[in-house]
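K.L.:
The lines below spell out each chain.
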Amino acid sequence: MKYESQKIAYKYFVLATLLFGLQVVFGLITGAKYVWDFDPLINILPFNTSRAIHINLLVVWLLFGFMGGTYYLVPEEADTEIYSPWLANLQLYLFAAIGVTAIAGYIAGWSWGMPFLEQPTILKIGIVVVALIFLFNIFMTMMKTKKWTVIQGVLLGGLVMLAVMFLFGIFFMKNLTTQYYFWWWVIHLWVEGAWEIVTGAIMAFVLLKLTGVDRALVEKWLYIEVGLVLFTGIAGIGHHYYWIGTPNYWLWVGGIFSALEPVPILFMVIDTLRDVKERKVEITNRLALYWAVGCAVMHFLGAGVWGFAHTLPQINQWTHGTQVTAAHGHFAFFGAYAMLNLTMIYFALPQIKGLKVFNQRLGMKAFWTMNFFMIMMVLALSVAGVIQTYFQRVLGMDYLTTQGFMKLWFAVFWVSAWGFAIGALMYIVNFFTIGKKQVAV
Amino acid sequence: MTKAQAKAIFVWGTVLSAVILLALTYNSLSQIPQRTHADRLDAQVATGKWVWQKHNCNDCHTILGIGGYYAPDLTKVMSYRDADWMRRFLNDPGAVWPASRKMPNLHLKDQEITDLIAFLSWVNGIDTNNWPPKPMAATASAGTVEKPGEAVYRAQGCSACHSIGGVGGHVGPDLTKVGSRRDREWIEEQLKDPKSHNPNSIMPSFAKLPEKDREDLVDYLSGLR
Ligand code: HEM
Ligand SMILES: [Fe+2]
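Line by line, the protein sequences give chains A and B.
Residue 294 in numbering that gives the first Met the number 0 sits at position 295 of the first sequence, with consecutive numbering throughout.
Residue 194 in numbering that gives the first Met the number 0 sits at position 195 of the second sequence, with consecutive numbering throughout.
No lab work stands behind these hints, which were simulated from the structure alone.
Backbone N, C-alpha and C define an ideal beta-carbon position, used for all residues, glycine too.
One or more of the hints may lead you astray.
As the list claims (entries may be wrong) - Capping the alpha-carbon separation at 30 Å, the derived lysine-lysine pairs in DSSO-like fashion look like this: (1) B:Lys6 to A:Lys279; (2) A:Lys219 to B:Lys2; (3) B:Lys133 to A:Lys208.
Unchecked claim - Far from chain B, some chain A residues (derived; all Cβ distances over 12 Å): (4) Ala51; (5) Ile52; (6) Glu75; (7) Lys145; (8) Lys173; (9) Thr231; (10) Gly232; (11) Thr283; (12) Val323.
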């Protein structure tokens, strides 16, 4: 850490960590409703409300993580302090306040009612204000720089794209097809566009610092990866336009472009492994290293393999809107974005706290526990999804009868989710006690 | 490869893909009105869409295959349910469909229900490239033609409480062989006024069914032996 204002990142990481914990709690509640038919909370916290909270917390903690990561990264890349720490704080509290209001609102039945974008319009406007403050602050910081590195340029591009896409999710449209058409401009162009860019830039930074490889090499690969992500991903949005009332040429465009999406993700794995192999310095922060390599691998499995598995129209026709999608959603969000943020947190935290060496035992346990149980959860949902696809879609059995046949796998999923929750708890404890002498293991 | 070449991949790859998306978006937006018969998208359908959003139905149900996976997809629900059933169901889901997994009573107002039905009926007509697909099993046995009464049985949601051939609910008796224990008149009476046979019956009355539909239904049931 070179600049005092990089410490701003810490507060963002604290919030990200706490909200991550809360997300897991709401996941357990939501999952229980699949396992037991009787739902004691049906009138207080029905499935739709608990799901809305679960997925909103996910997005919000990842955004806090990205923002924290950006505040940590930019001073070092731009070689200057943050333009305005005061704005950075204001933006943090404003975002947190909007988040709390949104969640309290969902429980009270205040919703805009599109998945992931349930925030009532007035809160969405607040989120836009937060984004503008953030982008302004980052942009002004970068303007102070003498040398524009590729990493910060790509990062800024990704953040601007992230903010711009959100605008397409604000307006009410009378036609459900049009509404969903642009809903995907937010959801798909986020996870297979803007967020990939942000992730690419942050990962490039971490690998550069961690392994000491050549900057020129890292930046060249960053261009290639991000370029291919956007080339395949932008038109790849067509894999969501097969069945929603859009013209059928999307079956071709979506199928072909999205089938290529795993290629850049595979490049990221190769790139990461090569950087680590050709490292110029000894890597003492094993935790950051594990999360970085783990992220590359799980990103590829969750987004690349599990995404590819149902992206062709011939297959998607049968699996669309089943638990197959849920399996992929969990795997990809965790592998790509939860793990990226944990990588950045484990990279930055010791430096913010000024630790040269620290006990990494609990952190390692958290790493293996979370990864193992996430894979179990995904496999359980995948089996449930295949059962659903086969019985309901291929054989024509009715929805609820099919759900009965999936029960066992919902149970396996839910028990594994408890395992994951224990891993997450280890991480949270580790986050708050790292570097302290007496670490409760 | 040089860094300049890598940058060219980045710039041109992005531009090319973005141009494709924008051009096809322009074209799609011009085709969507026709594919969704937007001429029938009146103010009531739009209000119904807002009711749908306000109650956040979409985080339990998928529609067009998108949303929560906890409850049936509603894209084509109006193809197999009729408006009368829908009205009774949305008014009190638990009474009309005592299913194992429950939909909460959302205390919808009558007007909201009317708007929702208009919305779901409009959605039902969207050209989804034949999604959801016809089950392969159904395609394979395409020789067997559905009896008119079977369609009524489905539209009225009888299977919420009754099962035939092992498929359906268990709140009411199994109807697989109902024709061998009840005659036509008896079944007709049960449909018109379930309380005539059991004063405490929880089966809803179907007295309001059109004559033709009830005849078809009775034909179908009394044929189950
Ligand atoms: C890290 C990147 C990714 C994340 C976080 C992610 C996440 C998700 C989520 C949450 C959904 C469900 C959206 C909804 O209906 O509510 C989804 C759907 C989908 N994803 Fe991804 N995804 C990623 C990358 C990919 C890639 C690379 C592919 C293809 C190779 C892909 C293919 C699909 C497909 C085909 C669907 C639609 C599923 C359906 O028809 O129901 N995804 N993704
Ligand atoms: Fe996608």
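K.L.:
If a hint holds in the structure, say so; if it does not, say that too.
P.N.:
Do the hints match the structure? See the list:
1. B:Lys6 to A:Lys279: holds, 26 Å
2. A:Lys219 to B:Lys2: holds, 5 Å
3. B:Lys133 to A:Lys208: violated, 55 Å
4. Ala51: Violated, because the least Cβ-Cβ distance between Ala51 of chain A and chain B comes to about 5 Å, which does not exceed 12 Å.
5. Ile52: violated, 10 Å
6. Glu75: holds, 21 Å
7. Lys145: Lys145 of chain A is indeed farther than 12 Å from all Cβ atoms of chain B, at 19 Å.
8. Lys173: The claim breaks: Lys173 of chain A does not keep its Cβ more than 12 Å from every Cβ of chain B (closest is about 4 Å).
9. Thr231: violated, 7 Å
10. Gly232: The assertion about Gly232 of chain A is violated, with a minimum of 7 Å to chain B.
11. Thr283: holds, 30 Å
12. Val323: Val323 of chain A is in fact no farther than 12 Å from some Cβ atom of chain B, at 10 Å.
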